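Q: Numbering (the working numbering), first residue to last: 11 to 82.
Simulated from the structure, these hints should not be mistaken for lab results. Errors might be hidden in some of the hints.
[Unchecked claim] Pairs of lysine to any residue, SDA-like flavour, derived with a Cα cap of 20 angstroms: (1) LYS50 <-> ASP67; (2) LYS40 <-> ASN60; (3) LYS50 <-> ASP25; (4) LYS40 <-> LEU68; (5) LYS50 <-> LEU66; (6) LYS34 <-> ILE44; (7) LYS34 <-> CYS53; (8) LYS34 <-> GLN57; (9) LYS40 <-> ILE14; (10) LYS50 <-> VAL26; (11) LYS40 <-> ASP21; (12) LYS50 <-> ILE64; (13) LYS34 <-> PRO23.
Just so you know, these numbers come straight off a predicted model, no measurement behind them.
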Amino acid sequence: MRAITILLIEDNPSDVRLIREILKDISHFKSNLISVVTLKEGCEQIQRNNFDIILLDLKPDNTERQTFQKVI
Numbered sequence: 011m012r013a014i015t016i017l018l019i020e021d022n023p024s025d026v027r028l029i030r031e032i033l034k035d036i037s038h039f040k041s042n043l044i045s046v047v048t049l050k051e052g053c054e055q056i057q058r059n060n061f062d063i064i065l066l067d068l069k070p071d072n073t074e075r076q077t078f079q080k081v082i
């Protein structure tokens with residue numbers, strides 16, 4: 011079974027830890043989580059890698075509308 015590749019764009023370290031723990035507890039799939047703090051870093055990761063899932067904090071360093079528009 012291949013791992014699901016997940017990009018997490020989140021500026022709160024506590025939330026990053028929580029999501030990592032939740033993913034560890036899910037036994038029916040494997041995941042590879044890449045976590046970045048800023049939207050700029052997230053956009054760079056999207057250009058370099060293929061992700062199955064992107065988890066996005068809507069206010070890492072922009073307004074909600076700007077953030078969503080930059081990612082799509």
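Q: Please go over all the hints and tell whether each is borne out by the structure.
A: Tested hints:
1. The suggested pairing of LYS50 with ASP67 holds, with an alpha-carbon distance near 13 angstroms, which does not exceed 20 angstroms.
2. Restraint check for LYS40 and ASN60: satisfied, since their Cα atoms lie roughly 16 angstroms apart, inside the 20 angstroms limit.
3. Between LYS50 and ASP25, the direct Cα distance comes to roughly 19 angstroms. Compliance with the 20 angstroms bound is thereby established for this hinted pair.
4. Taking the CA atoms of LYS40 and LEU68, the gap is about 26 angstroms. The hint is violated against a cut of 20 angstroms.
5. At roughly 12 angstroms between alpha-carbon atoms, LYS50 and LEU66 fall within 20 angstroms of each other, so this suggested pair holds.
6. Of the pairs offered as hints, the one joining LYS34 and ILE44 holds, with about 14 angstroms between alpha carbons and a cut-off of 20 angstroms not exceeded.
7. Restraint check for LYS34 and CYS53: not satisfied, since their Cα atoms lie roughly 25 angstroms apart, outside the 20 angstroms limit.
8. Of the pairs offered as hints, the one joining LYS34 and GLN57 is violated, with about 26 angstroms between alpha carbons and a cut-off of 20 angstroms exceeded.
9. Restraint check for LYS40 and ILE14: the C-alpha separation of about 6 angstroms stays at or below 20 angstroms, so the hint holds.
10. Annotation: proposed proximity of LYS50 to VAL26 holds, straight-line Cα distance about 17 angstroms (limit 20 angstroms).
11. Proximity of LYS40 to ASP21 is assessed by CA-CA distance (about 24 angstroms); at most 20 angstroms being required, the pair is judged violated.
12. A threshold of 20 angstroms between alpha carbons decides the hint, and for LYS50 with ILE64 the separation of about 14 angstroms falls inside it, so the pair holds.
13. For a cut-off of 20 angstroms, the pair hint linking LYS34 to PRO23 stands: about 17 angstroms separates their Cα positions.
Consistency note: the structure conflicts with the earlier hints numbered 4, 7, 8, 11.
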